[in-house]
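**Q** So the chains spell out like this:
4 protein chains.
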Amino acid sequence: MLAQPFPNYLHDRFRAWKLAKYDDSRAWYARLMSEGQHPRAMLISCCDSRLDTVSIFGAEPGDLFVVRNIANLVPPHAPDQNHHGTSAAVEYAVNVLKVAHIVIVGHSNCGGVEACHDMCSGAAPELEKSTSFIGRWMDILRPGYDRVHDEKEEREVALVSLGHEAVRTSLRNLATFPFVEESVKAGMLTLHGAWIDIANADMYGMDPATEQFSRL
Amino acid sequence: MLAQPFPNYLHDRFRAWKLAKYDDSRAWYARLMSEGQHPRAMLISCCDSRLDTVSIFGAEPGDLFVVRNIANLVPPHAPDQNHHGTSAAVEYAVNVLKVAHIVIVGHSNCGGVEACHDMCSGAAPELEKSTSFIGRWMDILRPGYDRVHDEKEEREVALVSLGHEAVRTSLRNLATFPFVEESVKAGMLTLHGAWIDIANADMYGMDPATEQFSRL
Amino acid sequence: MLAQPFPNYLHDRFRAWKLAKYDDSRAWYARLMSEGQHPRAMLISCCDSRLDTVSIFGAEPGDLFVVRNIANLVPPHAPDQNHHGTSAAVEYAVNVLKVAHIVIVGHSNCGGVEACHDMCSGAAPELEKSTSFIGRWMDILRPGYDRVHDEKEEREVALVSLGHEAVRTSLRNLATFPFVEESVKAGMLTLHGAWIDIANADMYGMDPATEQFSRL
Amino acid sequence: MLAQPFPNYLHDRFRAWKLAKYDDSRAWYARLMSEGQHPRAMLISCCDSRLDTVSIFGAEPGDLFVVRNIANLVPPHAPDQNHHGTSAAVEYAVNVLKVAHIVIVGHSNCGGVEACHDMCSGAAPELEKSTSFIGRWMDILRPGYDRVHDEKEEREVALVSLGHEAVRTSLRNLATFPFVEESVKAGMLTLHGAWIDIANADMYGMDPATEQFSRL
Numbered sequence: 010m011l012a013q014p015f016p017n018y019l020h021d022r023f024r025a026w027k028l029a030k031y032d033d034s035r036a037w038y039a040r041l042m043s044e045g046q047h048p049r050a051m052l053i054s055c056c057d058s059r060l061d062t063v064s065i066f067g068a069e070p071g072d073l074f075v076v077r078n079i080a081n082l083v084p085p086h087a088p089d090q091n092h093h094g095t096s097a098a099v100e101y102a103v104n105v106l107k108v109a110h111i112v113i114v115g116h117s118n119c120g121g122v123e124a125c126h127d128m129c130s131g132a133a134p135e136l137e138k139s140t141s142f143i144g145r146w147m148d149i150l151r152p153g154y155d156r157v158h159d160e161k162e163e164r165e166v167a168l169v170s171l172g173h174e175a176v177r178t179s180l181r182n183l184a185t186f187p188f189v190e191e192s193v194k195a196g197m198l199t200l201h202g203a204w205i206d207i208a209n210a211d212m213y214g215m216d217p218a219t220e221q222f223s224r225l
Numbered sequence: 010m011l012a013q014p015f016p017n018y019l020h021d022r023f024r025a026w027k028l029a030k031y032d033d034s035r036a037w038y039a040r041l042m043s044e045g046q047h048p049r050a051m052l053i054s055c056c057d058s059r060l061d062t063v064s065i066f067g068a069e070p071g072d073l074f075v076v077r078n079i080a081n082l083v084p085p086h087a088p089d090q091n092h093h094g095t096s097a098a099v100e101y102a103v104n105v106l107k108v109a110h111i112v113i114v115g116h117s118n119c120g121g122v123e124a125c126h127d128m129c130s131g132a133a134p135e136l137e138k139s140t141s142f143i144g145r146w147m148d149i150l151r152p153g154y155d156r157v158h159d160e161k162e163e164r165e166v167a168l169v170s171l172g173h174e175a176v177r178t179s180l181r182n183l184a185t186f187p188f189v190e191e192s193v194k195a196g197m198l199t200l201h202g203a204w205i206d207i208a209n210a211d212m213y214g215m216d217p218a219t220e221q222f223s224r225l
Numbered sequence: 010m011l012a013q014p015f016p017n018y019l020h021d022r023f024r025a026w027k028l029a030k031y032d033d034s035r036a037w038y039a040r041l042m043s044e045g046q047h048p049r050a051m052l053i054s055c056c057d058s059r060l061d062t063v064s065i066f067g068a069e070p071g072d073l074f075v076v077r078n079i080a081n082l083v084p085p086h087a088p089d090q091n092h093h094g095t096s097a098a099v100e101y102a103v104n105v106l107k108v109a110h111i112v113i114v115g116h117s118n119c120g121g122v123e124a125c126h127d128m129c130s131g132a133a134p135e136l137e138k139s140t141s142f143i144g145r146w147m148d149i150l151r152p153g154y155d156r157v158h159d160e161k162e163e164r165e166v167a168l169v170s171l172g173h174e175a176v177r178t179s180l181r182n183l184a185t186f187p188f189v190e191e192s193v194k195a196g197m198l199t200l201h202g203a204w205i206d207i208a209n210a211d212m213y214g215m216d217p218a219t220e221q222f223s224r225l
Numbered sequence: 010m011l012a013q014p015f016p017n018y019l020h021d022r023f024r025a026w027k028l029a030k031y032d033d034s035r036a037w038y039a040r041l042m043s044e045g046q047h048p049r050a051m052l053i054s055c056c057d058s059r060l061d062t063v064s065i066f067g068a069e070p071g072d073l074f075v076v077r078n079i080a081n082l083v084p085p086h087a088p089d090q091n092h093h094g095t096s097a098a099v100e101y102a103v104n105v106l107k108v109a110h111i112v113i114v115g116h117s118n119c120g121g122v123e124a125c126h127d128m129c130s131g132a133a134p135e136l137e138k139s140t141s142f143i144g145r146w147m148d149i150l151r152p153g154y155d156r157v158h159d160e161k162e163e164r165e166v167a168l169v170s171l172g173h174e175a176v177r178t179s180l181r182n183l184a185t186f187p188f189v190e191e192s193v194k195a196g197m198l199t200l201h202g203a204w205i206d207i208a209n210a211d212m213y214g215m216d217p218a219t220e221q222f223s224r225l
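Residue numbers (the working numbering), protein chains in the order written: chain A, 10 to 225; chain B, 10 to 225; chain C, 10 to 225; chain D, 10 to 225.
Accuracy of the hints is not assured; some may be wrong.
Using 35 Å as the maximum straight-line C-alpha spacing, the simulated DSBU-like pairs for lysine-lysine come out as follows [said to hold, decoys possible]: (1) D/K30 with B/K30; (2) C/K30 with A/K27; (3) C/K138 with C/K27; (4) B/K161 with A/K107; (5) B/K194 with A/K107; (6) A/K27 with D/K138.
Hints in this document: simulated from the structure, not taken from any laboratory.
Construct the complete structure from the given sequences, taking the supplied hints into account.
**A** Right under this line is the structure:
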């Protein structure tokens, strides 16, 4: 198999964590195993190495069920028998774990959002190819690009607009899942959007009425 | 829009993090924004709320590019124009960020693995429906179930076997991506598999020669 | 040339490292070469053979840009066309590599600090000679000696005080470099001081408000 | 003072080292403190974050007295009352610690060597300014550039040549220190040069007769 033994440096760090931090949670881990997980919320955030959403929300083991994909996107509901990783996670969170909240967390300087902007503005034709997984994944945000695109905006401003729109797009797509809509209407589930400016660690929440983001 | 304002309890935790921990990394975040991320490794792990892989590997901002999906699965290479979130992330990690390692991290008591086992053994017919995103996502592991299934094994043992197989399946599928194979052959990328017993915080590494997992 | 072939014992150790440990990081080294280094921090520590700062901070290849000189000293900013090795390294770290932190790490039982103490207290007149490189290098700490000198202190205590002062002196001198000051004020760089008691492996951090060291 | 408290992430890593690795050497550290250090060799290597010379030579606490500066340079003997950090360390190593070997370790992809090449070839006029500490430090290698410069060489080849010359220059400069020459002639000290290709972890030793580097 095209693989190598586990990297020593990660094993060393794991051992350090186990020695220094695991004891504190040992009984809690045992309970979480015997009783199962009961996370309060599902988080959908980006793969970006600079934004560890579990840490910035001070989450403890068992607190957050977390999907991380490029640009924190939820695709539209599409029961077409294909492999939909994020949709499967949403279904598991809502129908099996019965979380109370789904939170979409976008962020500044997102490489996926930037790729989408460049693709849709014609600056990155290679992303239009059928073989580009990044391009086909960011297609989810293409309608969002069309909605918020403003030729007069400078690139920096446009990327923030599109980043906000990625969060709105995921929230809109979430609402197309029948079991999501049903749980929300039954008062058992709420949906939320936020966007984080990583450089300054400022969080912006989305106001559902205006769909605008303002600093919390 | 079917959404609510950002949850206060998460905002409180964010503020606590910002007050207590952000200062330590403020300049580093600023640099990461101005210079971009250069993570050494990509991690593909599960959404499970009980396993925070960033934390157990002592990772700092910028260290790890992380995908989290149900059962830490990589689907086979399929340039079919559909939305493939995990494949897009692998492409971004290898071709854009140029990570040196991709590490698949499985774990005990995985709900996705359990669902796959029940579906494939006939105990969960609802997961066979075309409308089940969980079932269709876990189809990625169906060939793995066929490989490791042993009727004489007790359920607990079978779930561990299938959990190990999920890691092997992801590694095999990773190798079907041309850009992954190319980078590995060029000596610029290595692939690794591990499986964690959460209750005891024991890590098992996969030996590439035997494809077996042994405690590190 | 006044030289000899490379020592076999060091070559043997290098081969052992390559056989036993290099494989783990082979792809990472390849990436670090093709993509360049992006260390998070610069460390300025002592040459002392007893304190391997890279190892005690669990640093991996690419993590830390390291200067090691006698008594971990930074001289004052002096653009006088002379060869200033440490100043050049600071300039490279801040302006080229754009590190986020500079950390001065002092330590107990420092031979350079002891030499400075003996020179300044009149016990080592040979260090006052113009031909003594050790004396002239430790002149950097002479104003620090004058600040902290207390005739009633016993030698052991005085050496610890002077060791702490060496860290403070380096931090003060760092702040005289215009590009350091500028980066700190822009929030892109932070400066830190620590002192390590090697015998007990205790670390003391400097509190910037009081400039005192307390055990972490 | 323009400083911040000690970074938590480094303190965490220090604690991990203390928990996992310090015990092994506790008695040895105690001995090293009470009896003093007696390193066999002095190493002069580069600040580069990618080359941890202590680790690649499998050195234990007490083994190696280490100077790290940009491009592993030793300036010529110059008893001019200025602060000479590297010269002070050489004096301490030879006259106080009485090491048996001084080893100069150069390496591939050295940013200092590259800066020298660009400065001397006219491609980096900013490095010629009196305010450039990098430029003034790399002046030490300027005569070496003149010696090995060959207009027909491609940049990659030229950088390797100049990297080798940096090692030779340091060895030549070392020999200008009277106490070094004296110890060598008394058979109490030997000088050595090596150059490491980091990407492949190949070591090249300098043959004192030909002054050429060949793979060990």
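**Q** Evaluate each hint against the coordinates.
**A** Each hint tested on the structure:
For the suggested pair D/K30 and B/K30, the alpha carbons sit about 27 Å apart, so the restraint of at most 35 Å is met. Straight-line distance between C-alpha atoms of C/K30 and A/K27 comes to about 23 Å, which keeps the hinted pair within the 35 Å bound. For the hint pairing C/K138 with C/K27, the CA-to-CA distance comes to about 45 Å; that exceeds 35 Å, so the pair is violated. A C-alpha spacing of about 34 Å is found between B/K161 and A/K107, which places the hinted pair at or below 35 Å, so the restraint holds.
Annotation: proposed proximity of B/K194 to A/K107 is violated, straight-line Cα distance about 44 Å (limit 35 Å). For the proposed pair A/K27 and D/K138, the alpha carbon gap of about 52 Å is over 35 Å, so the pair is violated.
Checked against the numbered hints given earlier, this structure breaks hints 3, 5, 6; the rest are met.
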